[in-house]
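Chains A and B, in that order, give the protein sequences.
Using my numbering, you'd call the opening residue of the first sequence number 1 and step up by one each time.
Using my numbering, you'd call the opening residue of the second sequence number 1001 and step up by one each time.
Incorrect hints may appear among the rest.
Now the stretches of chain B that chain A is said to cover, found in silico as 3 or more residues with beta-carbon under 8 Å [as the list claims (entries may be wrong)]:
(1) 1036-1050
(2) 1107-1118
Heads up, simulated BS3-like pairs for lysine-lysine below, C-alpha to C-alpha not over 27 Å straight-line [claimed, not checked]:
(3) A:Lys4 - A:Lys98
(4) B:Lys1099 - B:Lys1011
(5) A:Lys76 - B:Lys1099
(6) B:Lys1056 - A:Lys76
(7) A:Lys66 - A:Lys44
(8) A:Lys76 - B:Lys1011
(9) A:Lys66 - A:Lys55
(10) A:Lys76 - B:Lys1060
(11) B:Lys1137 - A:Lys76
(12) A:Lys4 - A:Lys23
(13) A:Lys88 - A:Lys98
(14) B:Lys1060 - A:Lys69
(15) B:Lys1060 - A:Lys66
(16) A:Lys35 - A:Lys23
(17) A:Lys89 - B:Lys1010
(18) A:Lys69 - B:Lys1136
(19) B:Lys1011 - A:Lys89
(20) B:Lys1010 - A:Lys80
(21) A:Lys55 - A:Lys31
(22) B:Lys1055 - A:Lys76
(23) A:Lys69 - A:Lys89
(24) A:Lys23 - A:Lys88
(25) B:Lys1055 - A:Lys69
(26) B:Lys1010 - A:Lys98
(27) A:Lys88 - B:Lys1010
(28) A:Lys55 - B:Lys1099
These aren't lab readings, by the way, just hints derived from the structure by calculation.
Each residue gets a CB set at the ideal place from its N, CA and C atoms; glycine is no exception.
In case you want the letters, here they are:
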Amino acid sequence: MAQKTIAGVNVDVTEEGYLEDYKQWNEDIAKEIAKEEGIELTDKHFEVLKFLREKYEEGAGLTIRKVGKSGVTDIKEFYKLFPGGPLKKSSKIAGIPKPTSCV
Amino acid sequence: MENNNDHQIKKVAVICAKGNLEDVYASLVLANGAVMDGKEAKLFFTFFGMDAVIKKRMNKLQTATVGNPALRLPNGWRMPKWLGMIPGMQNMVSSMMKKQMDELDVPPVDEFLDMITAGGGEVYACQLAFDMFKLKKEDLSDHVSDILTVGEFYEQAAGEDSQIIFT
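So that you can see chain B by itself, here it is in the shape it has in the complex (with noise of 0.2 Å):
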């Protein structure tokens, strides 16, 4: 692939504010990716993309079997609405797919942040979710560095050919 920017991307900053599977590893593989190219990366997580960052459940996150009109059965079938509200399917869905991305050598949430922080990239909290959710500094992962308002965040996200990515 040809690539004739003079231009490159020197820092991203990635928002995270889903708390669905696939919408948190595409913040992170986002970051990671980044961190891996030498840019700067800073991950900001809030509202439902806390449980990321939440001890207990950031390791725990699903794929949802309802409403989510992309999911296919391993045959190719769209997967019928009955079928993924069934109790257990959301968590084997789930389960299947972690199985696969660890194939690839996706690692689990924890172990992903680990990655993403040893290579410089910085994790935050948004302050606004963190009250909402009544939140204790003890619930977050010890990756998350501080708890910022969102002028914080644009503060942390300002610099030259610097970029914004919400997912």
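Okay, chain A solo, but in the shape it has when bound (with noise of 0.2 Å):
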């Protein structure tokens, strides 16, 4: 297990960059992860990154699929959001594992 500092907090991360422990999350975290993946955060990436960790913490597996039948954004508007890889960079700024869903 790697540690990093991220936003002046010290994490635990995968070797990919993921957080360990989501609960060490907070939002200056994400706003600097996504920096490092070129992604200026904005409301809508925060009520995505929410939807994301409750879905997370209720033990769901996220699929794209169901982002888009969030209600919190569609299919086109998350790609948009989180440009080349939209589950696994929305997931890493989210402060959540990986994602392990083939669709």
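Reassemble the complex: the two chains are provided individually, in unrelated frames, and hints are given to aid placement.
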């Protein structure tokens, strides 16, 4: 397990930079991870991140389809918000584990 | 899983030439998986695979219960040949498969194509199959952005770190 200082906080991260413990997450951490991914977070981004974190807490496996049906955003917008791999990037920024779904 | 490849696949062109439920889904999963990962994806439907982009047929694809030796009953036994031949059996088995896929968030064909195109994937139909089956443009789903010859398909598939996948 690797340690990394993000936004002044020491957090445990995986080799690919996903947080090991989603409870260590805060909004400043999200902003800094997003910056590394080349994304400037807006309110809309945070709405999506909140949805992802809630679903993760419920123990649901996340898929693009679920995000599309969330009512928070649609699939087209989701791709625009997190270009180049929306589910992976948003999960990373939301501080939850790398998604394991094939869809 | 460790990955030591510096080289990543940047683009995939998936050819779907069969109209069985499982063959079409293989193509859709591969294309969607590419789009999800930020790769460019082109889907090319030809011959019986055209059913996946024919409006009236796309959500009614079936899996073969005759001539499919890997098909099992829910208890794990091989489906007997005579059972697969019973009228309605193929329909029932196909519905069951669709239900199980839906539980895993694998959508129906039209919704799957919505997802792929929403992510920037492109869908094409084959000119030769289109002519052969005497189809009209309005028969095809709106996801289809163009009807291509094989030469045009290769042009679409070209690029650095690009792969062509035939299912």
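Right, here's what the structure says about each hint:
no.: 1; hint: 1036-1050; verdict: holds (count 3)
no.: 2; hint: 1107-1118; verdict: holds (count 5)
no.: 3; hint: A:Lys4 - A:Lys98; verdict: holds (17 Å)
no.: 4; hint: B:Lys1099 - B:Lys1011; verdict: violated (31 Å)
no.: 5; hint: A:Lys76 - B:Lys1099; verdict: holds (25 Å)
no.: 6; hint: B:Lys1056 - A:Lys76; verdict: holds (25 Å)
no.: 7; hint: A:Lys66 - A:Lys44; verdict: holds (17 Å)
no.: 8; hint: A:Lys76 - B:Lys1011; verdict: holds (19 Å)
no.: 9; hint: A:Lys66 - A:Lys55; verdict: holds (10 Å)
no.: 10; hint: A:Lys76 - B:Lys1060; verdict: holds (26 Å)
no.: 11; hint: B:Lys1137 - A:Lys76; verdict: holds (25 Å)
no.: 12; hint: A:Lys4 - A:Lys23; verdict: holds (15 Å)
no.: 13; hint: A:Lys88 - A:Lys98; verdict: holds (6 Å)
no.: 14; hint: B:Lys1060 - A:Lys69; verdict: holds (23 Å)
no.: 15; hint: B:Lys1060 - A:Lys66; verdict: holds (23 Å)
no.: 16; hint: A:Lys35 - A:Lys23; verdict: holds (20 Å)
no.: 17; hint: A:Lys89 - B:Lys1010; verdict: holds (17 Å)
no.: 18; hint: A:Lys69 - B:Lys1136; verdict: violated (33 Å)
no.: 19; hint: B:Lys1011 - A:Lys89; verdict: holds (19 Å)
no.: 20; hint: B:Lys1010 - A:Lys80; verdict: holds (19 Å)
no.: 21; hint: A:Lys55 - A:Lys31; verdict: holds (20 Å)
no.: 22; hint: B:Lys1055 - A:Lys76; verdict: holds (22 Å)
no.: 23; hint: A:Lys69 - A:Lys89; verdict: holds (18 Å)
no.: 24; hint: A:Lys23 - A:Lys88; verdict: holds (18 Å)
no.: 25; hint: B:Lys1055 - A:Lys69; verdict: holds (23 Å)
no.: 26; hint: B:Lys1010 - A:Lys98; verdict: holds (20 Å)
no.: 27; hint: A:Lys88 - B:Lys1010; verdict: holds (16 Å)
no.: 28; hint: A:Lys55 - B:Lys1099; verdict: holds (22 Å)
When the structure is compared with the earlier hints, violations turn up for hints 4 and 18 and for no others.
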